[in-house]
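First to last, the sequence lines map onto chains A and B. Numbering of the first sequence is given in the numbering used here, commencing with residue 1 and proceeding in unit increments. Numbering of the second sequence is given in the numbering used here, commencing with residue 1001 and proceeding in unit increments.
It is worth saying that the hints were derived from the structure and are not from the lab. Errors might be hidden in some of the hints.
Said to hold, decoys possible - On the chain A side, residues computed to face chain B include the following (Cβ under 10 Å):
{"#": "1", "residue": "LYS280"}
{"#": "2", "residue": "ARG301"}
{"#": "3", "residue": "LEU335"}
{"#": "4", "residue": "LYS344"}
{"#": "5", "residue": "TYR412"}
{"#": "6", "residue": "PRO413"}
What the hints assert, rightly or not - Per label pair, the in silico range of CB-to-CB distance:
{"#": "7", "chain 1": "B", "residue 1": "ASP1304", "chain 2": "A", "residue 2": "GLU220", "range": "54 to 60 Å"}
{"#": "8", "chain 1": "A", "residue 1": "ARG284", "chain 2": "B", "residue 2": "HIS1232", "range": "52 to 58 Å"}
{"#": "9", "chain 1": "A", "residue 1": "HIS84", "chain 2": "B", "residue 2": "ASN1388", "range": "45 to 51 Å"}
{"#": "10", "chain 1": "B", "residue 1": "PRO1369", "chain 2": "A", "residue 2": "ILE295", "range": "44 to 50 Å"}
{"#": "11", "chain 1": "A", "residue 1": "ILE314", "chain 2": "B", "residue 2": "SER1306", "range": "20 to 26 Å"}
{"#": "12", "chain 1": "B", "residue 1": "GLU1006", "chain 2": "A", "residue 2": "ARG284", "range": "52 to 58 Å"}
{"#": "13", "chain 1": "B", "residue 1": "GLU1233", "chain 2": "A", "residue 2": "THR7", "range": "26 to 32 Å"}
{"#": "14", "chain 1": "B", "residue 1": "SER1306", "chain 2": "A", "residue 2": "SER46", "range": "24 to 30 Å"}
{"#": "15", "chain 1": "A", "residue 1": "GLU47", "chain 2": "B", "residue 2": "VAL1458", "range": "38 to 44 Å"}
{"#": "16", "chain 1": "A", "residue 1": "GLN223", "chain 2": "B", "residue 2": "GLU1233", "range": "53 to 59 Å"}
Where is the CB? At the ideal position from N, CA and C, for every residue including glycine.
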Amino acid sequence: MGYCPNTPDDIRDMLAVIGAASVEELFAPIPAELRAKSFDLPPGMSELELMRLMREKAASCGADITPFIGGGIYDHFIPAAIDHLASRAEFYTAYTPYQPECAQGTLQALYEYQTTICRLTGMEASNASLYDGGTAVAEAALMSLRITDRHKVILDGSVNPLHREIVTGYLHGLSAEAVDVAPDGCASDLARLMASIDDETAAVVVQSPNFFGSVQDFRELAQKAHDHEALLIVSCYPIAMGLVASPGEMGADIAVGEGQSLGNHVSFGGPYFGFIATRKRFIRNLPGRIVGETIDHQGRRGFVLTLQAREQHIKRHKATSNICSNQSLCALRGLIFCTSLGRKGFEDLAQLNYDKAQYAKSVLGAVRGVNLLNRGATFNEFTLALPKDAGEVVQRLLDKGVAAGVPLGQYYPDMEQALVVTVTEKRTKDEIDRLAGLFEEVLWS
Amino acid sequence: MELIFEKSVSGRTGVRVPLSDVPKAASLPDAVRRGEPVRLPEVGELDLVRHYTNLSRRNFSVDTNFYPLGSCTMKYNTKVTENAGGLFASCHPMLALLPGGDKLVQGPLAIVYELERQLAEITGMEEVTTQPLAGAHGEMTGIMVIAAYHKARGDQKRKYVIVPDSSHGTNPASAAMAGYEIVTVPTAPYGDMDLDLFRQAMNDEVAAVMLTCPNTLGLFNPHIAEICAIAHEGGALTYYDGANLNAILGKVRPGDVGFDVIHVNLHKTFGTPHGGGGPGSGPIGVRGDLVRFLPTPRVVRREDGSYAVEDHPEGIGRVSDFFGNFAIMARAYAYITLLGREGLIEVSEQAVLNANYMMARLKEEYDLPFDQTCMHECVFSASRQVQNGVHAIDVAKYLIDRGFHPPTVYFPLNVKEAIMIEPTETESKQTMDAFIEVMLEAARMAKDDPERLHEAPVTTPVGRLDETRAARMQQVCCE
């Protein structure tokens, strides 16, 4: 199957204009000894055959499993309007808005996205999105190095372990140091975090709600960081922002997070988007693309990519980062998601997640031998101590069609029996009750 | 057009949140509770649908306009691969990382594995990882792999990465992100990195050389194997920027030429949509002895034919949460499978034919700084038009009025007033002829009526925008 429209006549006419005898002649600049040694791929197929093949693959992709898993990626409902609007070809098959006059659609949408992120996080300036939540945390850490001209980043151990791995990797080549501070049970060890801050510290990175589901007050931590002219970076779960105090309210200097839960499908790992927002005074240190408002020669409002002097195509190796794309389409989905819920709907959605998780906490916590490990508040995730290896329990429940949670042993070696359970608005009371029954069965029979 | 926030009416709602089937919980403690609701717009669903539908109509796109944006490879995105890629929307990636979870997600794991094999064959590399989330992310990952290689050999003094001055800005930026200092080598008069200056720059402190071939001018560098050999002799590794892979499918494989690491922009070569600036996907391939440094985790195929996820303990760690931008990868996998061997070869042949046709027809009126057979794109200069006060940007804006997305302008940096045209293989001669006519018309107008070009565009919702004002105001969200 090919999508090349030119007919043999077209090709003949074009070759005549070029003055070449054949298409192959156009590849003459490539010396014979550099030609491909192999190109061993099967022949193409028809659309019908392709869809048959792809449906076969899709038949085995866990679609019949009831998920109580998160790990930063969440199974939230997606209003129908999002797929319809985001798949409009004018958004979908456009490129980066390098020519603003014929890209006002993308540019205005990204400006609205930036506004939405600022309002969710309680910050003043947002970029037009980053690759994903993990790389967003890493970019925020790099941003803090640039702002403070220091080399130490304190990483709270209750930050998503996958994200911490990415941060450590990003810092590795830069002779910057990531200092891990182990959590106290399921919460950040605020006393140790504060004691770790010194005049070498660029930033402290925490997460709310954290990987165990706990929600904490970081105001004192922010104050302590600021006393040492260090920054506070808070990674947050955007759906929680309908109910939980925002990074801005906590005194954060940079807010980041994974945007997937805002209208993006879980899709086995992506595409998602990361968000990053900050105080206006740090705007020149924000990585990636930023859309700004301006006017044309007649005074009409319009939008352009702005502050590009920070970017790789102008600054090359002196750029604030190497990023040359955002996740525009995913960010658009996030924007439409937030807009379709609106002020009240967004709050209601967060409340619903919270209520369902609180209910799950009560029924799962009541199962014999099961204990709740979070001491303080949680949003829609919580951590249970099981009387058995959590990995084994999860494996047995998968056979019954339920992904009961994320076992912590692989991330925290001393937490082999701990399980993080996630409950979104999509989980029904019946599903939660069934999970409690399955726990009882697997643990005690 | 009004912002969605300006259309908000207090009390109006769009999507309804389901009623709760559980008791209302006790309130969160005040110290961790949000003060005020998020100030999101309050609009009905129809208002929302009209707003974003009308916004979309203020965009040019491949499906609505010819988009010959050089180096970005804006080809038609086949619709069946869209359908295919969408089949995996509800598959949670964490399933693959749960004990015993891999058996539930064999389909998507098979796609990751098979796509990696396809890309390894296409590029001539030993192994590929799909983890990087965009081309530039792949560049950074590739350079991190190179750094790990030198470190494992105890070769700690290498602190430089060489890039040609015509390279994509991401190359030096990515190398800097991985902790290297940059050495820039100028372009020789024939359009490639100056071989003598490169030899002089090469020493035992160089970790890697980053190149694309065909280069940023759309030209194939006949000295490419020699450059690789010189780099290797000096103990450096060679990095291939796969941005221009669309030109050489089945013709040249970077691995055969002597490159050690490559990234591939799936959204360029394998026809996944650009989405207004992402998501992309930037897998990297490496030759044999670098495989152990690839990021964790890896998808492997067991002897019984099933797929599993394994840690990759010697690797550079994790560069994204899971397996990369999977839904994009699935589209690229579908595209490669759909076109097959012959289809992919045809892609490159027709892309190169189209670019050379464009070049042949336009070179009478526009300066062609490097006049030789090009690959998938060609670079003109508007320097002749500048004599009449018309710049590349003026030509670009006039094209918008005539329904064409402009080519890339002012890149590469080593061509003054650059106009970089990449038609791709999916455009017909008739579409290109129409574009060529308008380009020739602009050239005539530059002589006869330059003012009209300065005024363009006049058909768009806004005219030329004041970029300086935007940078000065820094108005990046509405109050």
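Hint check against the structure, violated hint numbers in rising order: 5, 6, 8, 10, 11, 12 and 13
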